[in-house]
Amino acid sequence: MNRTRRIGVTALAVLAALAGSPGLAQAQQPSQTQPLTANADSVLPPGWRVTGEGVARELVWRSDRAVPMGDARVEFHADGRLLGAPKASKDGRTFRLALNEATPLKELQVLAGGRRLDAPADNNTGEGRKNSLAAAQPPAQLPANSVDPGKPGSYRTATGEYDLDPVKLPGFAQPVEMRAVVVAPTGATGKRPLALFLHGRHTTCFKPGGSEDDVTGQWPCPAGKKSIPSYKGYLKDQKLLASQGYVTVSISANGINGQDGDAEDGGAQARSSLVRQHLAQWAGWAAHPGTAPAAVPDAAKADLSRVLLVGHSRGGEGVNRAAMDSLYPPPAAQDGYRGPVRWKIRGTVLIGPTIFGQNPVADVPSTTILPGCDGDVSDLQGEVYVDGTRGISRGTALHSAVYVVGANHNFFNTEWTPGKSKAPSSDDFWDDPEQQPDPVCSTGTRTRLTADQQHQAGATYIAAAARLFVGGDDRVRPLLDGSARRAPSADPARVLTHAVGAHRTAGFVPDDGPVKVTGGRLCSAIDPDPAVACLGPGTKGSSPHFAWWQTEKEAGRSAVALKWSAPGTATKVRPAAPVSLSGAKSLALRVFVPPNTTGTKLDVAVTDTSGRRAKLGQVRIDGLPGTERTASYWARELRVPLTAAIRAGLDLRHVKSLELTPRSGSGKAWLMDAWGWAPGTPAVRAAALPRVDIGRLTVKEGNSGTRTYHIPVQVSGHGSGKVRFSVLDPDTGQAKDKLVTVRPGSNPIDVPVVVKGNTRYGYDKQQDLLAKAVRGAVIGSYQGGVTAVNDDPEPSITVTPVTDRVTEGGTLAWRISLSEPADVEISQPVQVLPVTEGAELSTKDVDPQWLMDYSGDGPDPERALSQANLWVWTNIPAGATTADFTVPTVKDQLAEPAESVRLALTDDNAEPLPGHPALTGTVVDAP
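Numbering (mature numbering (1 follows the signal peptide of the UniProt record, and there is no 0)), first residue to last: -27 to -1, 1 to 900.
Heads up, some of the hints might be wrong.
What the hints assert, rightly or not - For lysine-lysine, the following DSS-like pairs were computed, each having C-alpha atoms within a straight-line distance of at most 25 Å: (1) Lys317 - Lys180; (2) Lys489 - Lys526; (3) Lys212 - Lys164; (4) Lys695 - Lys673; (5) Lys199 - Lys180; (6) Lys489 - Lys711; (7) Lys180 - Lys164; (8) Lys729 - Lys641; (9) Lys395 - Lys536; (10) Lys574 - Lys536; (11) Lys545 - Lys558; (12) Lys588 - Lys489; (13) Lys199 - Lys164; (14) Lys395 - Lys212; (15) Lys545 - Lys695; (16) Lys574 - Lys526; (17) Lys536 - Lys558; (18) Lys588 - Lys536; (19) Lys695 - Lys489; (20) Lys164 - Lys393; (21) Lys526 - Lys673; (22) Lys395 - Lys79; (23) Lys180 - Lys489; (24) Lys395 - Lys317; (25) Lys198 - Lys124; (26) Lys209 - Lys141; (27) Lys124 - Lys393; (28) Lys489 - Lys536; (29) Lys588 - Lys558; (30) Lys198 - Lys489; (31) Lys205 - Lys79; (32) Lys489 - Lys205; (33) Lys317 - Lys274; (34) Lys629 - Lys545; (35) Lys711 - Lys641; (36) Lys489 - Lys574; (37) Lys212 - Lys141; (38) Lys209 - Lys199; (39) Lys274 - Lys164; (40) Lys124 - Lys212.
Hints are computed from structural coordinates only; laboratory data are not their basis. Here the structure is a predicted model, which is why all the values come from computation and not from measurement.
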């Protein structure tokens, strides 16, 4: 999560660092309601407003409904470019972001995990409609696997809970609970593997017997409310694993959910600390059985050398960070666990996860469950846990993606499922009653799963990962590694998988440049240029492989795009160096085609360095069910045997090119990569790698002079690796990249930031730096920088009447004044309240354009002005001390008594300002 501060630094300092100063706007202060225009000739869509000029320019969006607390970040985009992550107000409807004069406000959108929040999806017109209707057909059922991990085991189970003293985590004001539910096998002998579950970011408090309006994200919960037991939502999964011999524990993280809004990493480090705090307790109980809580069954039997971590949503990112921190310790100052690592994490299961840092752990096996109808983390960014591990380390850890057609985000947790949860809950893939139902994901379609079907599928594939990563049973691998097998226990769910790692050899990876492509094009996952981007701006739906990160243009994420109008034209991919397929049985390709298309056929051929060529065979690909609202451009794993290459005498140790030749009449396809594949699951040994963490230096601006600070970057661990650093310019929305070799103890990059002191109130100023691993490194804290904190008090505000009694057609006016000028625009909200006596002005008593500008609604139906959702922001420009708030009235022909409007100054959360009594204006009939 981005810190809510206005950005601005001396450009010359950053130019000195990287010969440029690119960047990204950040979340910021409240703004006012001005007429809905960015300038005189640019009209903004309904719900949007802007304020100010230059450094004081801000953008505000107000939803017509509360935006539920979820795991995906809310983001503002313009013209296909990420502007930044705005700050949410307590009303859950208003979001604000600082801008600059150069920021274009064309094609504004509010997205969360790729899902549009400010407009309904359109499944009713054009190609989207045609494709959506076709999408109602689920994929064909796959053959059954030889073993089914979804079947209960032979053990009975016992359940207990513990609630220990809360822990204090860095950056969080309130302690975080140490609460968990345990399900363990009874009668099991010997040490048993441990599976730990961590839920995601959900609302934290509810009122028993109350409604959805009583659900909040507070922490701790106030009097009269109870903590939502999200940690009890995986009991079905826990009982299945416990019946198979696992000790399971699901931990509560509401204390993090209620406080992570300002955490730069969205709370990932805090969640890692909490996971490791619990693991430390279990390690202690295993070593000293008498110290375990009496309510915890068989705590002493937990084998901490065999641990599986399961995380849902932000909990997925949290357990990924816990796996990283267990192998590569984080800086002590940012860590909430300081003790020894007395456990070994054998694998992770990540359910609909976030990965804001795009920093997966390459040497810990993982299975990522991607819900095809995810309405929260809708871009399915968890695919990065697979794609982002390629080329980072040894490549022996299996990283699997499990695409569950028709699954939403919430129903893997019963406490987030209507009809099962204690607190009010909802289907995250909601339908707009004014729109047609989604043909793939609306309730009742052929492809949408029920809550019970979805949870059963989830439990089955969690158990599959446990059995492979912890139990070492290679018979379940075909369920996870793209071998096109199904677990009957998950029926009727259609579950598809692909993977990287394990016994795959070197491969054709478009990211490993320079790669030469003929007959197709090498495209970029993230690029504003439609000619370069893999998916153009008019694409219906999105691809998990191309999930946004932090910049509008990103190096090192590529694919090969094929497009043909007639069969027969080959696309040839030639890497910089020959690829070895020695020891492989097949060539495994990850390819996707547009959703809802069928029957795409490609011939596959390879050529060695001597020029010998062999056609390996033909593959057929069908698109996934998809609509504009789904991330269905997802690669299927397709395998062709290498038998023909061996017969033709090819030197499989030196394969120089791969050819794909379409045999369908016309179409499109995208190649993500291709690998030599062999069965089996090798042992994984984590490499000794350097770890990079970017810190956040917070300084006071001072009253005079200039000071130069440097963004803190720490490198720990062992060895050397390649990392791409990106300096973010707070004004342009661009990034300046630099590929750097990092070594422990070195300073890999120097970004000086100049801060100027003054004595007038202004916003905090921030310069940011990003990091992403390229090869042989891990990234912990991926974002940091220097924040110069304004240390001057905000001017006090007063309001006085200018004209508070007028005849119909006149303009009521009040003057809002500052005690002294500020360096930035001050935005003061004014709220219209119900009058306490007499008649109240109605929506037909004021200028209709004024009403539309400030409320987004027209005068009909006529209602009291206080019922028109009027919460108006008034600007006092930088350097000025006054601004007037006005209410223009209209003249009518009705004889009426005196009518009034009542106003109050509020804070940015619509709470009345103390010491400022409400003001009243009166309108009387013209004589």
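Status of the hints after comparison with the structure:
no., hint, in the structure
1, Lys317 - Lys180, "violated (40 Å)"
2, Lys489 - Lys526, "holds (21 Å)"
3, Lys212 - Lys164, "holds (18 Å)"
4, Lys695 - Lys673, "violated (34 Å)"
5, Lys199 - Lys180, "holds (6 Å)"
6, Lys489 - Lys711, "holds (23 Å)"
7, Lys180 - Lys164, "violated (41 Å)"
8, Lys729 - Lys641, "violated (54 Å)"
9, Lys395 - Lys536, "violated (51 Å)"
10, Lys574 - Lys536, "holds (13 Å)"
11, Lys545 - Lys558, "holds (22 Å)"
12, Lys588 - Lys489, "holds (20 Å)"
13, Lys199 - Lys164, "violated (36 Å)"
14, Lys395 - Lys212, "holds (20 Å)"
15, Lys545 - Lys695, "violated (29 Å)"
16, Lys574 - Lys526, "violated (32 Å)"
17, Lys536 - Lys558, "violated (29 Å)"
18, Lys588 - Lys536, "holds (21 Å)"
19, Lys695 - Lys489, "holds (23 Å)"
20, Lys164 - Lys393, "violated (34 Å)"
21, Lys526 - Lys673, "violated (33 Å)"
22, Lys395 - Lys79, "violated (43 Å)"
23, Lys180 - Lys489, "violated (61 Å)"
24, Lys395 - Lys317, "violated (35 Å)"
25, Lys198 - Lys124, "violated (39 Å)"
26, Lys209 - Lys141, "violated (31 Å)"
27, Lys124 - Lys393, "holds (23 Å)"
28, Lys489 - Lys536, "holds (17 Å)"
29, Lys588 - Lys558, "holds (15 Å)"
30, Lys198 - Lys489, "violated (61 Å)"
31, Lys205 - Lys79, "violated (45 Å)"
32, Lys489 - Lys205, "violated (52 Å)"
33, Lys317 - Lys274, "holds (16 Å)"
34, Lys629 - Lys545, "holds (10 Å)"
35, Lys711 - Lys641, "violated (34 Å)"
36, Lys489 - Lys574, "holds (23 Å)"
37, Lys212 - Lys141, "violated (31 Å)"
38, Lys209 - Lys199, "holds (23 Å)"
39, Lys274 - Lys164, "holds (5 Å)"
40, Lys124 - Lys212, "holds (11 Å)"
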